[in-house]
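So the chains spell out like this:
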Amino acid sequence: MKALIARLADAYGPSGKEDNLRQIIRAELKGLSDYISEDPLGNVHAVLKQKARAGRKIMISAPMDEIGLMVSYVDEHGFARFTALGEVDLLQCLGARVRFADGRVGVIGMGDRQRESARRSLSEFFIDVGASGRENHPLQVGDTAVFASPLAEAGTTLIGKGLNGRIGAAILIETLRRLKHSPHELQFVFTVQEQVGQRGARTAAFSLEPEIAISVSATPSGDTSGAARLSVALGKGPAIKVRDQSLLSDPRVVRWMVQRAEEARLPHQLEVSEVGTTGAAEIQRSRAGVVVGCLGVPCRYLHGPAEMVDLNDVENAVRLLIQLLAMPVPF
Amino acid sequence: MPRKARSRTRAAKNPTGQRKTAPHRRAPGASSLARGPDLIELARRLSEASGISGDEAAVRRVVLESLQGRAEQVSVDALGNVLVRCRSSGRRAVRVMVAAHLDEVGLMVVGISREGMLRFEKVGGVDERYLLGKPVWVGKDHLPGVIGLKPIHLWDPSEVRKTVPVDSLLIDIGAASKEAASQWTQPGDRVAFATRFEAHGRLVRGKALDDRLGVASLISLVLDPPPNIELLAAFTTQEEVGLRGARVAAYALEPQAALVLDTTPAQDLPMGDRSENTSYNTKLGAGPAAYLADGGTISNRRLVNLLAETARAEGLPLQLRQPGGGATDAAAIHLTRKGIPSVSLSVPARYLHTPQSLAHLDDWLNTLRLSRAALARLTADMLR
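The listed protein sequences correspond, in order, to chains C and G.
Residues in the first sequence are numbered from 1 upward in steps of one, following the numbering used here.
Residues in the second sequence are numbered from 1 upward in steps of one, following the numbering used here.
Just so you know, the hints here were simulated from the structure itself, not pulled from any lab data.
Glycine included, every Cβ here is placed at the ideal spot set by N, Cα and C.
Wrong hints could be hidden among the right ones.
As the list claims (entries may be wrong) - Between beta-carbon pairs, the in silico distance windows are:
no., chain 1, residue 1, chain 2, residue 2, range
1, C, Ala101, G, Arg312, 20 to 26 angstroms
2, C, Ser132, G, Leu223, 33 to 39 angstroms
3, G, Ser75, C, Arg285, 39 to 45 angstroms
4, C, Leu32, G, Arg301, 24 to 30 angstroms
5, G, Asn305, C, Met327, 27 to 33 angstroms
6, C, Leu270, G, Lys162, 45 to 51 angstroms
7, C, Pro251, G, Glu254, 50 to 56 angstroms
8, G, Asp268, C, Ser132, 24 to 30 angstroms
9, C, Ala101, G, Glu276, 25 to 31 angstroms
10, G, Gly201, C, Ser132, 36 to 42 angstroms
11, C, Phe331, G, Glu128, 38 to 44 angstroms
12, G, Glu128, C, Leu248, 45 to 51 angstroms
13, C, Ser123, G, Pro165, 22 to 28 angstroms
14, G, Glu198, C, Ser123, 46 to 52 angstroms
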């Protein structure tokens with residue numbers, strides 16, 4: 001599974017430009033579902049039609065995109081000003097290496113004068129690609145960079161960029177691969193534009209009209225020294241979300257997840273957070289409403305160039321998801 | 001005390017002393033509005049009509065009259081959007097929604113003081129720095145007023161330089177008391193800037209260029225629809241307060257693609273300290289502005305390419321609006337139902353959301369030309 005995660009994480013796919021991810025994912029999904037399709041915004045749907053009469057329509061979604069830095073202006077010194085597609089941690093930006101669609105590499109810099117000030121804003125940063133001025137500059141307005149940070153291993157953890165979405169996508173693919181049988185209609189959806197506001201999730205839910213939906217992605221952990229008050233920690237298993245900033249998970253779904261985890265003796269933790277949001281919130285409000293829950297992989301240093309997850313948490317998330325989908329829904 | 005008959009105010013003169021002709025009494029000429037002078041006259045009528053978010057009736061009237069007898073399926077929905085379905089000649093024509101919003105930002109009376117002065121609130125993102133001393137029209141009958149300072153407020157000389165917050169401003173309609181004022185106006189009345197539309201040389205100046213220029217363009221497109229597409233025009237309401245009309249219009253029209261015609265700030269004046277202006281957004285005179293990404297939408301790339309290629313082929317100028325910030329009706333449209341590939345094309349303008357905005361006539365006309373040409377080249381496989 002490490003190789004799959006590397007393939008997904010290392011791919012270039014900022015919000016709105018997820019072509020590479022679509023390609024990789026479609027190749028991985030070959031033969032695993034009854035049909036694969038794409039919708040107008042670019043979400044990829046892989047559906048297994050319902051088997052049993054008592055089965056439910058369950059949507060499992062994960063984002064494909066990552067934070068993008070879109071060039072908004074090339075100044076007279078050849079530095080590229082940019083805007084962020086998605087939420088980016090400014091502190092982690094300074095000095096970070098970035099990569100454009102054509103492979104061109106750059107560094108995020110900031111004027112020395114601005115560095116003195118405690119208050120920083122994105123408008124003071126720029127991307128330096130080594131150009132000496134505006135003449136014949138290799139970049140133009142609209143070019144989008146992503147963090148350039150190939151996946152690396154450290155103990156049982158993986159460090160890389162874009163894990164926020166890609167880890168969820170990997171879990172979905174691996175689940176689909178290992179799942180032998182399910183009584184339900186399963187809608188595996190790889191969504192676009194999660195980073196800029198869970199946009200893909202909204203239209204995907206409208207298209208598929210699921211009864212129940214589970215979104216899978218990385219979730220912030222609270223286990224670094226001096227971290228905000230969050231109970232979620234790396235290595236303690238997938239996080240079953242009870243609430244976040246925009247979602248109150250359906251309590252029946254929370255109970256269902258806990259039940260299956262306990263039955264299979266899988267490590268798991270409950271997530272109660274005041275911040276953050278996922279596609280599940282958008283899906284819950286779709287049409288006449290959907291019963292939703294959320295599975296998270298604890299992650300450190302989110303929204304920066306080097307996010308960190310524990311491979312065991314990822315593996316256990318796959319196992320839990322299989323347990324959930326292979327058996328009837330107890331409500 | 002009973003209210004004075006409303007008809008008394010109809011004879012009132014506007015701030016420049018000329019008798020105001022209600023815009024809805026004049027009907028457009030029978031000839032196509034695509035001709036230069038008629039289009040500007042249409043823009044004048046639209047710009048001078050008061051249509052603050054939620055009360056777009058006067059603007060809607062101008063639109064409906066312009067389309068009278070010259071467009072087939074015209075309807076007004078629950079939110080006041082004007083929807084027009086133009087049949088196309090081609091069987092496989094792409095259904096394209098083209099939207100322009102009817103509403104403008106403005107003010108609303110929230111209370112009347114003992115002295116007969118009107119307390120007010122903003123409707124939409126009015127730029128507060130530009131309010132003090134401005135002439136306004138209050139209510140449906142365009143009662144003339146001036147935005148002044150709270151009389152009992154004691155001003156420190158140092159405070160005079162700061163922007164006066166809305167709470168410290170009042171609208172003066174010359175009433176002597178609360179009773180007198182109550183005969184002419186009441187809380188809920190909308191207040192528009194009293195700005196005449198001027199077209200001089202290549203310059204266009206007026207209020208609500210955002211988005212009456214877009215509305216004028218859309219009327220022109222409806223009266224002479226581009227070939228090869230099924231044009232679904234939506235004159236939307238309440239854009240300035242949350243893209244509300246567009247959301248339901250897109251749901252009803254179910255288009256395959258959408259083009260939004262709006263205006264966007266040109267913050268291209270030189271910096272005070274002569275440093276480089278890195279966030280100009282767009283430049284006046286540099287042509288229509290295509291959006292790559294704003295705060296609410298990542299444009300469909302192929303639609304952006306369509307605009308760029310069409311501009312090249314037709315020899316029209318085109319600039320890219322700097323990505324980031326802001327939003328247009330596209331933000332609501334592109335996430336409707338199963339998703340709708342969308343792009344926005346705007347006329348650059350200075351001083352938007354103030355009593356008077358400034359735009360270049362060429363930028364506006366080129367935006368209309370580019371829209372028409374690009375729509376005619378849109379094919380279904382561009383959306384696949």
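Hints, one by one, checked against the model:
no., hint, verdict
1, C/Ala101 x G/Arg312: 20 to 26 angstroms, "holds, 22 angstroms"
2, C/Ser132 x G/Leu223: 33 to 39 angstroms, "violated, 52 angstroms"
3, G/Ser75 x C/Arg285: 39 to 45 angstroms, "violated, 28 angstroms"
4, C/Leu32 x G/Arg301: 24 to 30 angstroms, "holds, 29 angstroms"
5, G/Asn305 x C/Met327: 27 to 33 angstroms, "violated, 48 angstroms"
6, C/Leu270 x G/Lys162: 45 to 51 angstroms, "holds, 50 angstroms"
7, C/Pro251 x G/Glu254: 50 to 56 angstroms, "violated, 36 angstroms"
8, G/Asp268 x C/Ser132: 24 to 30 angstroms, "holds, 25 angstroms"
9, C/Ala101 x G/Glu276: 25 to 31 angstroms, "holds, 26 angstroms"
10, G/Gly201 x C/Ser132: 36 to 42 angstroms, "holds, 41 angstroms"
11, C/Phe331 x G/Glu128: 38 to 44 angstroms, "violated, 52 angstroms"
12, G/Glu128 x C/Leu248: 45 to 51 angstroms, "violated, 37 angstroms"
13, C/Ser123 x G/Pro165: 22 to 28 angstroms, "holds, 26 angstroms"
14, G/Glu198 x C/Ser123: 46 to 52 angstroms, "violated, 35 angstroms"
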